[in-house]
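Kindly produce the complete structure, drawing on both the sequences and the hints.
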Amino acid sequence: MNFDFTEEQVMLRDSVARYVQDDYDWDTRVAIANSETGMDLTKWQTFAELGWLSIPFAEEHGGFGGGAVDVMLVMEELGKGLVLEPYLATVLLYGGLLHKGGNSELQAAYIPAIIDGSCLGAFAYLERQSRFELADVKTTASASDGGYMLNGEKVVVFNGASADQLIVSARTSGEQSDEHGITLFLLPADADGIERVSYRMMDGQVVANIVLKDVKVDAGHVVGELDNGFALMTAVVMDANIALSAEAIGIMAQLNSKTVEYTRTREQFGVALGKFQALQHRMVDTFMSYEQAKSLLYRAVCALTDDAEDEVQAIHALRVMIDKAGKHIFGEAIQLHGGMGITDELDIGHYAKRLMMINTTFGNGDYHQAKFNAVRYN
Amino acid sequence: MNFDFTEEQVMLRDSVARYVQDDYDWDTRVAIANSETGMDLTKWQTFAELGWLSIPFAEEHGGFGGGAVDVMLVMEELGKGLVLEPYLATVLLYGGLLHKGGNSELQAAYIPAIIDGSCLGAFAYLERQSRFELADVKTTASASDGGYMLNGEKVVVFNGASADQLIVSARTSGEQSDEHGITLFLLPADADGIERVSYRMMDGQVVANIVLKDVKVDAGHVVGELDNGFALMTAVVMDANIALSAEAIGIMAQLNSKTVEYTRTREQFGVALGKFQALQHRMVDTFMSYEQAKSLLYRAVCALTDDAEDEVQAIHALRVMIDKAGKHIFGEAIQLHGGMGITDELDIGHYAKRLMMINTTFGNGDYHQAKFNAVRYN
Amino acid sequence: MDTRFAPEDIAFRDEVAEFFDSAYDTDIEARLSSFDAAVFKPAIIEWQKRLYERGWIAPGWPKEYGGTGWDATKAFIFESERASRGIPEVIPFGLKMVGPVIYTFGSDEQKERFLPRILSSDEWWCQGYSEPGAGSDLASLKTRAVREGDEYVVNGAKIWTTYAQLADWIFCLVRTSSEGKKQEGISFLLIDMKSPGIKVNPIVSIDAKHSLNEVEFNDVRVPVANRIGEENRGWTYAKALLAHERTAIAGVADSKRGVEVVRQYASAEVNGGTRLIDEPLFQKRLSDLEIELMALEFTELRVLASVASGDAPGAESSMLKIKGTEIQQQVQELAMEVAAYYQGVLPGGPEPDVLGNSLGPKAFKNYMYGRAATIYGGSNEVQRNIIAKAVLGL
Amino acid sequence: MDTRFAPEDIAFRDEVAEFFDSAYDTDIEARLSSFDAAVFKPAIIEWQKRLYERGWIAPGWPKEYGGTGWDATKAFIFESERASRGIPEVIPFGLKMVGPVIYTFGSDEQKERFLPRILSSDEWWCQGYSEPGAGSDLASLKTRAVREGDEYVVNGAKIWTTYAQLADWIFCLVRTSSEGKKQEGISFLLIDMKSPGIKVNPIVSIDAKHSLNEVEFNDVRVPVANRIGEENRGWTYAKALLAHERTAIAGVADSKRGVEVVRQYASAEVNGGTRLIDEPLFQKRLSDLEIELMALEFTELRVLASVASGDAPGAESSMLKIKGTEIQQQVQELAMEVAAYYQGVLPGGPEPDVLGNSLGPKAFKNYMYGRAATIYGGSNEVQRNIIAKAVLGL
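Protein chains in written order, with full-length UniProt numbering: chain P, 1 to 378; chain Z, 1 to 378; chain R, 1 to 394; chain U, 1 to 394.
Calculated from the structure, these hints are not laboratory results. Misleading hints may appear alongside valid ones.
To be verified - Have a look at the derived ranges for each label pair, beta carbon to beta carbon:
#1 P:Phe269 <-> U:Ala225: 19 to 25 Å
#2 U:Gly273 <-> R:Arg275: 46 to 52 Å
#3 U:Ser306 <-> R:Asp278: 26 to 32 Å
What the hints assert, rightly or not - Straight line, CA to CA, 27 Å or less: simulated DSS-like cross-link-like pairs of lysine-lysine:
#4 Z:Lys371 <-> U:Lys284
#5 U:Lys181 <-> U:Lys194
#6 P:Lys100 <-> P:Lys138
#7 P:Lys324 <-> R:Lys284
#8 R:Lys209 <-> P:Lys371
#9 U:Lys181 <-> Z:Lys275
#10 P:Lys43 <-> P:Lys275
#11 Z:Lys100 <-> Z:Lys327
#12 P:Lys258 <-> R:Lys209
#13 U:Lys142 <-> U:Lys182
#14 P:Lys327 <-> P:Lys275
#15 P:Lys275 <-> R:Lys181
#16 R:Lys209 <-> Z:Lys275
#17 Z:Lys258 <-> Z:Lys371
#18 U:Lys41 <-> U:Lys111
#19 R:Lys209 <-> P:Lys275
#20 R:Lys362 <-> P:Lys275
#21 R:Lys209 <-> P:Lys327
#22 U:Lys209 <-> Z:Lys327
#23 Z:Lys327 <-> Z:Lys371
#24 R:Lys142 <-> R:Lys284
#25 P:Lys371 <-> U:Lys284
#26 Z:Lys324 <-> U:Lys284
#27 P:Lys275 <-> U:Lys239
#28 U:Lys365 <-> U:Lys41
#29 R:Lys239 <-> P:Lys324
#30 Z:Lys324 <-> R:Lys389
#31 U:Lys142 <-> U:Lys74
#32 Z:Lys43 <-> Z:Lys258
#33 Z:Lys327 <-> U:Lys362
#34 P:Lys258 <-> U:Lys389
#35 P:Lys371 <-> Z:Lys371
#36 U:Lys284 <-> U:Lys365
#37 Z:Lys327 <-> P:Lys324
Claimed, not checked - A few chain Z residues that don't get close to chain P, going by computed Cβ distances all over 12 Å:
#38 Thr28
#39 Ser35
#40 Gln107
No experiment lies behind these values; they were computed from the predicted model shown. Just so you know, even glycine gets a beta-carbon here, dropped at the ideal spot from N, CA and C.
Put into structure tokens, the structure is as follows:
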């Protein structure tokens, strides 16, 4: 039993950390967030060159063959810099679905383009009515000419505006909320019949609503099995839950250390804020929230790596804690920064907003706690 | 709209307050709590002489004709002294059932003996399996010789050991948890077939488990209507919920002021504890918890007095808050008293224990919150 | 103890309801909720003039100065009826802040000059208390006013000034002496925003909007006649106002409205076949909040009743400020939970029908700007210090 | 990063399980849970001797002094297996507190004299740190030891001394000098409880039981040979021990067992036809707790791993103490909620079959005595001060 990282893992972590510190400083980040696409493709190209885009993929497709620990380390450091480029959407969701579910032709055809940075991807799963239920899919795919015809609408698609390729969940059979009958389709984002409306979210990312009207996909572009897309997307989303949590941990570390630093220097009533005992104890509590959340991140990563039987519980527990600790930490960070904390200029509010987006992605705290309870007590 | 008390109410409150302060000091209270019956009948006689036992009853039976405000004021002051004599059991439960549900013969025969202090009563409603559900009654009453024959067991009967008269809930029809089919019976506590096992609870009161074996009750001793006892007992318990909450408010006031006082004088690291800002802020929070709970007490009393449509919601909300504020306040009181807080000698722990008993009587916080939710959101 | 409404109160409630239902039309509602100052500023003035013409613009003011002379019950009814319709509060800086200072401590000339135009909303006020670097330690202010004949020459800066960019006047605390305790030596000035030497620097806040500002004073000349009361006594006047401000800040009626909105959306929102309002964990979150709010409503009534019976709003107002703002933030947070993914949508993005949601941007704006409530008006930490000292005697 | 057990760890777990299952029989279990010292004291000694004979009495000690030499994984496995069976921890005063001080800082004579009898449980120890009036300010202690030849003459009093009435020896912090800072001038003495001049005054605690005491010292003569290390350096030795104590105090494995007991009772408890374990509000309360505990388990493992790799347990142990005791109290509170009316039943009342419940008195005792956990071993407030200073640098 150990919590050490391999030498390779330490190198990977340090490489991302150094890049974020040197090449992704706050002014750079603000400029990217204010750009039209909310990302910088030259940065993305650097990610490719540094090998980060290859991490979860198999070596046969040019991947690094990394595991949950590697992804965790990368996401934690990206979180510290509030990096906007679509690592989650392209590498972990779009790439994750291909990696876990694509047949070998699809993998060979599409994974290398992820790794070399030439293809951005997105996973379009959410619909207006579906809230947090992945199985709530009204978009239809009907058989047509040996292929499929897709109709429906997907909303808040991460990286939906910039993606070159999409994977879309659609119903090939069953009722609106059935787990069975969902199929995943790979298609170019500029396919005929696709209309995208893009808009910016509070964390700076640009997302899109995507309307599909008689969009044709051939049968070879089904990712995973017909009608059995739900299990595949659930598996990929569970991995993504850990990755998002790692990003959140990186953010929380920043919020805590920036807040401690601020109170150490900022004076009020002639004394540094950090000397007020009531504030000290509150910062101790945010420190402990961070450590507890980090422990559950490690627990979930270990459970995933070990294929432990409580893996699902560990991931739901993690998301509950990330939600709770996140709100606790960014709430105190804003409050203890006082007036400065509510300005757009300071980074604190932006860290908070990214945490809030993470906390609503793939289910909020209540959603995951209800799932945890159902698995554990029923 | 006003929160003033009438002159009569102020006099009543002051009379109880003065009595508790002068004649029910801590040493007296400890001696009573350690006595076999956990109460002092000479004190009870004084209560009668001071007119407190007559408060909720109609004037025609020698009562004071008081309302919820009067009961609240008395209970709040009794709470401050942790008074052990069975005001709840005798006057509010046993007496309340007679007052609200007894026919005129029963009222004329039994209420005067409550008022003059010669009769102690108890309401035996709880059974081993029933937890907080008043309707969960397995004790049976079968028709027999123009009267009834009771069989079953009641547990944790407040004042059950000392009571002269009992009112017992028993099933005359229906299934175990049906609201319909419950009937209330008045019977002497030493009736043939009754066996009592008494024991002391953490708050010093002596309660009893009561086994009924072929206990005969004549038909004239049904309190309220046959099969419809549930509504009557619910109404009396709702009133009792407010009274218990008032007692809790009195206790919380004591805990808060004693804790503030202790930290003002007790020094550590060369400074009075009360000068540590972290502790100050926590005591502000307990102060606010108290005020919020008190506000809901007033709200429930006004709703009851006004027969407002949200009366039931107001009472459930009150009990949720009493539970929450109570735990918050006694938790901090013990913690801030440090080692002294965990001694039996100090009063703090005893106030805490009484609050804990109140918080479990007629349902804990979760129970009342579930009821509140059901009424409000369904 | 009695919280029933008397028949005349019920009649009053009907009268208020009737007025709001006709005066607060959909046109004014839409313009008031615009994010564009060119639209919302005239709308606010128009709306406040309707209240003014009805005689209801200043419930808290004494009758002689144009107030309503209502008792606590009527004021409560008016607030409830307003908030339950989602009607915004009046802009407080003139009507709730400087107005009471002027009629309490001002000269007759000041009353005559300023009060009518506050009531009629013809002059827009803003507040100059906080300073860069001072935070909650209000009394450590450094903006200096040096007397030169009949004028003060003011130099320094104020910060977090809401709507300074729209205001005609600013009321300021300035230092006129550096002797004695820092609370002494402060004076209370009324300054024309058109005075030469004033510069307004916008601050974009966390909701990505511009309502806050820094206001710089460079040799700004202010007639001595615009000083409230005596020189160096400004802290006393400001303190009286602060307690008043904190009472108003509890916002119970508005939080109730916020809960109602949350309930409506949660009844429509469905997750995996279950309405959100039926989810036990959501119900718990909501009822935790509603129960606190039910309590706070009575806490406020108790404080108001004690004020009405002659007590000045004291440290209890600090409690209303703390609990009121904490609850308000929890309501805003719950709206964000209901909005789910859409919580991240910025105001001014695609229209709701394109987007798929109408709660998101509203929830975002309220939540984000709401973060300030526990910071301004004396941070909640400072309020806790006040209660510890003044109520608990620690 | 890897938390899987190696094959030898699994073998070890089976070995531990086998031992506990046979050694911890129902007879010893019943006697250990008695409320009567005449019953539980010999039972404790008997049980600890069984561990001693198996070689497992001192997992934390170095091998050379009779410890097990286990790594963190084995220690974790041993603790988990013990706690999951509801087997009580060993009495800590000898084995977890003074023992490590003696083998780390003691003389060879002291090691020889004391360690074997601690391991064999032939001598019962208690702790003399706190003093009446000192509270969390441990270093302000006033018990004074004056040197007279080869002896110290000790005068003063210690308080909150658990099981002083059963102990053979007490380890004490005493003041040997009043110069310098208050942390200086403190010495660490081992004192025979049979020494003339020692008086033990019982303190009944909030659980209505007697386990705490005040210990008075009136001209108690202690050989200088019973001093640990140097004169006036006792604070250093004690501090090393405190961090150790706080790590041990987290009690994760015992809290897990507590949760398991809560789950069992909540599965049997029915309210209005619904099992308590199926009530959403109860589930939320329970999972809030379980999730924190799942986290704390890994937090502890992380700290242990870092200690195993050579770091001294530092301020992180303060976090384990705070979170561990807070969670422990929440588990105890939840048991009280499950016990409902029966939470108020005192230990020693009617038998469960008469009473109708077996959880009540147990829940009461654990809950009530558990209130002390956030106070002793350095109150949680003091721990927060430590973290603020040592970890956050405030």
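To see whether the hints hold, each was checked on the structure:
no.	hint	verdict
1	P:Phe269 <-> U:Ala225: 19 to 25 Å	violated (54 Å)
2	U:Gly273 <-> R:Arg275: 46 to 52 Å	violated (24 Å)
3	U:Ser306 <-> R:Asp278: 26 to 32 Å	violated (46 Å)
4	Z:Lys371 <-> U:Lys284	holds (16 Å)
5	U:Lys181 <-> U:Lys194	violated (33 Å)
6	P:Lys100 <-> P:Lys138	holds (24 Å)
7	P:Lys324 <-> R:Lys284	holds (16 Å)
8	R:Lys209 <-> P:Lys371	violated (38 Å)
9	U:Lys181 <-> Z:Lys275	holds (23 Å)
10	P:Lys43 <-> P:Lys275	violated (41 Å)
11	Z:Lys100 <-> Z:Lys327	violated (33 Å)
12	P:Lys258 <-> R:Lys209	holds (24 Å)
13	U:Lys142 <-> U:Lys182	holds (10 Å)
14	P:Lys327 <-> P:Lys275	holds (24 Å)
15	P:Lys275 <-> R:Lys181	holds (22 Å)
16	R:Lys209 <-> Z:Lys275	violated (41 Å)
17	Z:Lys258 <-> Z:Lys371	violated (34 Å)
18	U:Lys41 <-> U:Lys111	holds (25 Å)
19	R:Lys209 <-> P:Lys275	violated (33 Å)
20	R:Lys362 <-> P:Lys275	violated (38 Å)
21	R:Lys209 <-> P:Lys327	holds (22 Å)
22	U:Lys209 <-> Z:Lys327	holds (22 Å)
23	Z:Lys327 <-> Z:Lys371	holds (20 Å)
24	R:Lys142 <-> R:Lys284	violated (48 Å)
25	P:Lys371 <-> U:Lys284	holds (11 Å)
26	Z:Lys324 <-> U:Lys284	holds (16 Å)
27	P:Lys275 <-> U:Lys239	holds (24 Å)
28	U:Lys365 <-> U:Lys41	holds (18 Å)
29	R:Lys239 <-> P:Lys324	violated (37 Å)
30	Z:Lys324 <-> R:Lys389	holds (25 Å)
31	U:Lys142 <-> U:Lys74	violated (42 Å)
32	Z:Lys43 <-> Z:Lys258	holds (25 Å)
33	Z:Lys327 <-> U:Lys362	holds (20 Å)
34	P:Lys258 <-> U:Lys389	holds (16 Å)
35	P:Lys371 <-> Z:Lys371	holds (24 Å)
36	U:Lys284 <-> U:Lys365	holds (25 Å)
37	Z:Lys327 <-> P:Lys324	holds (22 Å)
38	Thr28	holds (40 Å)
39	Ser35	holds (44 Å)
40	Gln107	holds (49 Å)
The structure fails to meet hints 1, 2, 3, 5, 8, 10, 11, 16, 17, 19, 20, 24, 29 and 31 from the earlier list, while all remaining hints are met.
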